[in-house]
Amino acid sequence: MFKYYFEQIHNVAIWPIISLSIFFVFFVGLIVYVWKIKKPYIHHMQDMPLQDDNHMPNQPSKS
Amino acid sequence: MELEHFKYDNKIVKYFSIATVVFGLVGMLVGLIIATQLFLPELNLGIQYTTFGRLRPLHTNAIIFAFVGNAMFAGVYYSMQRLLKARMFSDLLSYVHFWGWQLIIVAAAITLPLGMTSSKEYAELEWPIDIAITLIWVVFGINMIGTILKRRERHMYVAIWFYIATFVTVAVLHVVNSFAIPVTLFKSYSWYAGVQDALVQWWYGHNAVAFFLTTPFLGLMYYYLPKAANRPVYSYKLSIIHFWSLIFIYIWAGPHHLLYTSLPDWAQSLGVVFSIMLIAPSWGGMLNGLLTLRGAWDRVREDPVLKFMVVAVTAYGMSTLEGPLLSIKSVNAIAHFTDWIIAHVHVGGLGWNGFLTFGMLYWLIPRMWGTKLFSTKLANVHFWIGTLGIIVYVLPMYTSGVVQSLMWKNFNAEGFLEYPNFLETVTQIVPLYMMRAIGGLLYLTGAVIMVVNLVKTAKQGTFIPEESAEAPALEKKKMVGGYWHNRLERKPVIFTSLVLVAILIGGVVEMVPTFLIKSNVPTIASVKPYTPLELHGRDLYIREGCNNCHTQMVRPFRSETVRYKGEYSKAGEFVYDHPFLWGSKRTGPDLHRVGGAYNSVWHFNHMLDPTSTSPGSIMPPYPWLYEQKINIERTAGKIKALRTVGVPYEEGYEDVANEDLKEQAAEIVADLKASDVDIPETAEIVALIAYLQRLGTDIKAEKTVEK
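Going down the list, the protein sequences come from chains A and U.
Here the first sequence stands for residues 4 to 66, where the numbers follow the working numbering.
Here the second sequence stands for residues 47 to 753, where the numbers follow the working numbering.
If we strip away everything but chain A, and leave its shape as in the complex, we get:
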């Protein structure tokens, strides 16, 4: 089975370091993106659940 090929992995410590790097890059990227996001887009998105309603009048978004 293929698993025997991996038995040579001695350096288990590499796994947490890989994980930490993935997380760091991922979250920095996410925060940069959210920081730069444009207002009109946000307004469009957050009003979505309220748009489909015919029974109730929409309130203008506050922010």
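Quick caveat, the hints were computed from the structure, so don't treat them as lab data.
Heads up, a few of these hints could be off.
As the list claims (entries may be wrong) - Derived PhoX-like pairs (lysine-lysine); straight-line CA-CA distance at most 25 Å: (1) U:Lys455 <-> U:Lys631; (2) A:Lys42 <-> U:Lys537; (3) U:Lys505 <-> U:Lys423; (4) U:Lys455 <-> U:Lys375; (5) U:Lys686 <-> U:Lys574; (6) U:Lys708 <-> U:Lys675; (7) U:Lys57 <-> U:Lys418; (8) U:Lys537 <-> U:Lys196; (9) U:Lys537 <-> A:Lys39; (10) A:Lys41 <-> U:Lys537; (11) U:Lys611 <-> U:Lys631; (12) U:Lys686 <-> U:Lys708; (13) U:Lys283 <-> A:Lys39; (14) U:Lys57 <-> U:Lys505; (15) U:Lys505 <-> U:Lys418; (16) U:Lys283 <-> A:Lys41; (17) U:Lys708 <-> U:Lys574; (18) A:Lys42 <-> U:Lys283.
Unchecked claim - Residues of chain U clear of chain A, computed beta-carbon distances all greater than 12 Å: (19) Ser136; (20) Leu149; (21) Val356; (22) Glu464; (23) Leu490; (24) Val573; (25) Arg604; (26) Gly698; (27) Tyr699.
Model, not experiment: these values are computed from the prediction.
For every residue, glycine included, the Cβ atom is placed at its ideal position computed from N, Cα and C.
Given chain A, work out where chain U should sit, using these hints.
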């Protein structure tokens, strides 16, 4: 741009809503029955199909997959059509999904009391039903992705992301955890063994909570809470961070269910770290929900829908703070295996899932029937009786968990256990079990009141099966620009793939090393495969659901090695355990070192009438084990199946296995006869005794060898 006219399908939402209510009542009733059995064991009426061990999986499966599952589908089918401005992709698939899911539930309700179970928590259903679940889940997925592809709204609202993550992750979890080798139509052995099986199971178990009970309901929260409050979500930016960090981190936290067990230490630590990190996204989501009500708190006083939702989101916040705290090893050492965990899951189940479902139904039903809620007053009664029910349920369970745990660990001044008899710690908390049942009864009463209210509401209105809507078609023009996430939301297939990658990373990092590096599971030379008779006994242990109340995991604490008179459990002892039977709750004592602790006639008397050997025991009697016979024709099949998954039975052993079986059975019967007890060799109890007497004894042989 020309407007397109189309209709939303309300009928499928109605179907799923009815199923939610019906199976909700059934699931809660079964819960109430087993809660009562814990202080009134005779309540199984002497019938083998209604013992705690068999009904407990029925309760958990009914609540998770029938009640919460149907509620999720009702909520998803309603909100998804409107958020995407499109009817569901295929009516046929919608109804195949609905009826398929209900058939699976019925199959579960039949097979679980019959003792057909894999024993793996929240994945107890046997392999044919597992395959059916996979197929129906794919039907749901095709229907959902198809709807997304034919949408008239370019961007996907955050609720849709949560639905996609739910679909993708549950599919992966279910398939990986269900790998098993079939023995008969309704019996299989897990593909994995021991520590690896435990890791896969709790990677599944934890993320079933995450991606079946949490992410779909967060999606529902992001749709129905703004709807009910009539204002947009507090921060859409926060919801983006909430989504990605939640699904990214959640998948890593599974090992916190296995702290202080035989799981390798590094995997336990990884689980702890990520569990604590989970506070951040969970609370981000909770605050986003609660702050949506900014400036609308006055309406919470009047609107029962908002009341239910506020308590639901608050319960979510409480259980997602408690979860990470319980993952800290020193807290876990006290709480694990006790009723504390029962309290914890019921804050989530009764509070978050239950109340969000109730709030959603109170909002949906009047709208789909074009009327107003029949009685706001009744809804308020439901709200208060339900809230009271939650409190009366969880407070006794927290108390009981802490009391029992401290009693387990209490040493007196002479250095002996203060309560060496496990039963003392049980009789102490029986009154709390009674109070818990009252809490459950209150909660169920509230649900019945809701049903009356909703039926009356439906009767006074007229159901609107098709709701007309109009929207311009999505332009086919090539969209350029925008930040990457804007582009992502326009490309659902890429989005789905990225979700898949995000959830796979955690699973791969945790599982690959455990599976592939031999040093992670040190083998013990004296640990041998089970004998054929023990194998039959083990399967009876699984059939009766013994693992629902008894663990097989002595943790490395002095209080446990002293109480259970042996070494703490080692990973190498479980290498032939397909499936692992570590359990997650000690309603009764741990059994890993029970082998040899009592003589066979003690077990014989104990299983026939637990109170005869253990006065005050809350375990039910198992008289059918003395009348029913094991089917020795199955022996060969069991041996062959286990050999396929790696247990080293010699080739051809299946042909002679029954000779060994008869020999061992004859020894036990002779042993019993010496105590004036007559029983046929093929009686089930003989096999069960053989298994119990083997438990945890291999390691003792190791010591003798060393000497």
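Checklist entry - When the hints from earlier in the document are held up against this structure, which numbers fail? => result Violated: none.
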